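Chemist: Place chain B on chain A using the hints.
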Amino acid sequence: MDYHTPASFDEAVSLATSASGITRFLAGGTDVLVQLRADIVTPDTLIDIKHIPGVRDITQNADGSWTIGVAAPGAEMSEHPQLGQDWPGVVEGMDLIGSTQVQGRATLVGNLCNASPAADSVPAMVAAGATVTVTGPDGTRTVAVEDIPTAPGRTSLAKGEMISAVNLPARGENAGDAYLRFIPRTEMDIAVVGCGVNLRLDGDTIVEARVSLGAVAPTVLLVQECADAIIGTTLDEAALDKLAEAASAACNPITDKRGTIKFRTHVAGVLAKRTAQIAYDRAKGASK
Amino acid sequence: MTRKTHVTATVNGDTVEYLCDPRETLLDVLRDRLNLTGAKEGCGTGDCGACSVTLDGRLVCSCLVLGVEAEGKQIETVEGLSDGDILHPLQQKFIEHAALQCGVCTPGVLVAAKSLLEKNPDPTETEVRYWLAGNLCRCTGYDKIIRAVMDTAADLREAS
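Chains A and B are the protein sequences, given in the same order.
Residue numbers for the first sequence follow the numbering used here, beginning at 151 and rising by one.
Residue numbers for the second sequence follow the numbering used here, beginning at 1149 and rising by one.
Worth flagging that the hints you see were computed from the coordinates, not collected in a lab.
No experiment lies behind these values; they were computed from the predicted model shown.
Hints are supplied without guarantee of correctness; some may be wrong.
Stated by the list, open to error - Straight line, CA to CA, 30 Å or less: simulated DSS-like cross-link-like pairs of lysine-lysine:
| id | chain 1 | residue 1 | chain 2 | residue 2 |
| --- | --- | --- | --- | --- |
| 1 | A | 200 | B | 1292 |
| 2 | A | 200 | B | 1152 |
| 3 | B | 1152 | A | 309 |
| 4 | A | 407 | A | 423 |
Claimed, not checked - These stretches of chain B come out as covered by chain A in the derived footprint (C-beta under 8 Å, 3 or more residues):
| id | segment |
| --- | --- |
| 5 | 1174-1184 |
| 6 | 1288-1297 |
Said to hold, decoys possible - Incomplete in silico selection of chain B near chain A, CB under 7 Å:
| id | residue |
| --- | --- |
| 7 | 1194 |
| 8 | 1197 |
| 9 | 1200 |
For every residue, glycine included, the Cβ atom is placed at its ideal position computed from N, Cα and C.
So here's chain A without its partners, still in its complex pose (with noise of 0.2 Å):
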């Protein structure tokens, strides 16, 4: 195995083009460790980016929308002081993942690119309208996180193409998010169903909406039936009964330890309701 330092996203694009066999990227090594420790993945090249200038700032841009950089692990998003006042819900997400220790080292984009259909920061991401910077032999080019993981395990990621930023939109009024996971424990475990939700209102109208489920389906979904169902309404009873029958609707899973099928889709009608509540009494005030 060789071991890489690049200074550059551009070094690291070309190291990685140019690399037989198999190749993974370092951040925090929280996956990438594991797989290679288990003799699931043993990389030929390995290209551990932190040493790109940058990498672990977390900005806020002068429009207020987030850069976030590909080694800024979950502790210091948590420990941000702004951060959680605008995205409590992907704040929370990525918190959720892991114990204190993992938390010192696992980022947004290392659990995006491991394709796990139970990550908890991504539907958290795809809820606020995230997108990824992906910098390639052929340039930059910006994709929505949805867009990012295909089955999985599977990432639509080319050969020599990396994530080298995640970007978060300018928070704006009246708005807020959540994420929410069901796991039979209070730490340390995968999501049986994940939901995030993210929305703006216009007095107590729901005018913007976007909602996403983890763990019930081969990719985090962003499930445009549900927003449907809240948009325009105050999230009343009928609102959110509407919205827990469009999530259960959207349902994909797959029976496991953690689950079963039924289980699983009625748990994502549950926590969708759950989950929009606390959107909107975010939106509406609540302290964060």
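Modeler: Showing chain B alone in chain A's frame:
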């Protein structure tokens, strides 16, 4: 045969140099090259916390860090807790509360607890339990561990 990499790092305040294969974890390096056997290998996959150390002040599992990644970094292990023969207050309290049985998890728990108290000198019991959720104890000694950490925190607050 992979080329070995020369690494210079600071461990418990001392500059150390070692040659390591890129596949070796920081835990392998600490135990097998630097003879610091306090950090333990429990699971090797970041689940149990027995290998906890701090890397530039940040609590991590050393089994999920490569030895080559430590270049230029500051590492603190359980060996750095005591001042010679004078135990760290956490170590003293763990003895008083009998907060260990077999002791395999203890180095990781101590490093993690120290990291918590540096960040939060007055944690609630819930905060201690969540912070230490990634440190597994298979002797089921959690209550005593939590009490020892809470008691240490109280003493340190009084002393400061």
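Chemist: Each hint should be assessed against the structure and marked as holding or not.
Modeler: Now for the hints, and whether the structure bears them out:
1. A:200 to B:1292: 39 Å, violated
2. A:200 to B:1152: Holds. Residue 200 (chain A) to residue 1152 (chain B) sits at ~20 Å (cutoff 30 Å).
3. B:1152 to A:309: Cα-Cα ~27 Å, so holds.
4. A:407 to A:423: 25 Å, holds
5. 1174-1184: violated (count 0)
6. 1288-1297: Not satisfied, violated; 0 residues make the cut.
7. 1194: 6 Å, holds
8. 1197: Since the shortest Cβ distance to chain A is 6 Å, the answer is holds.
9. 1200: 6 Å, holds
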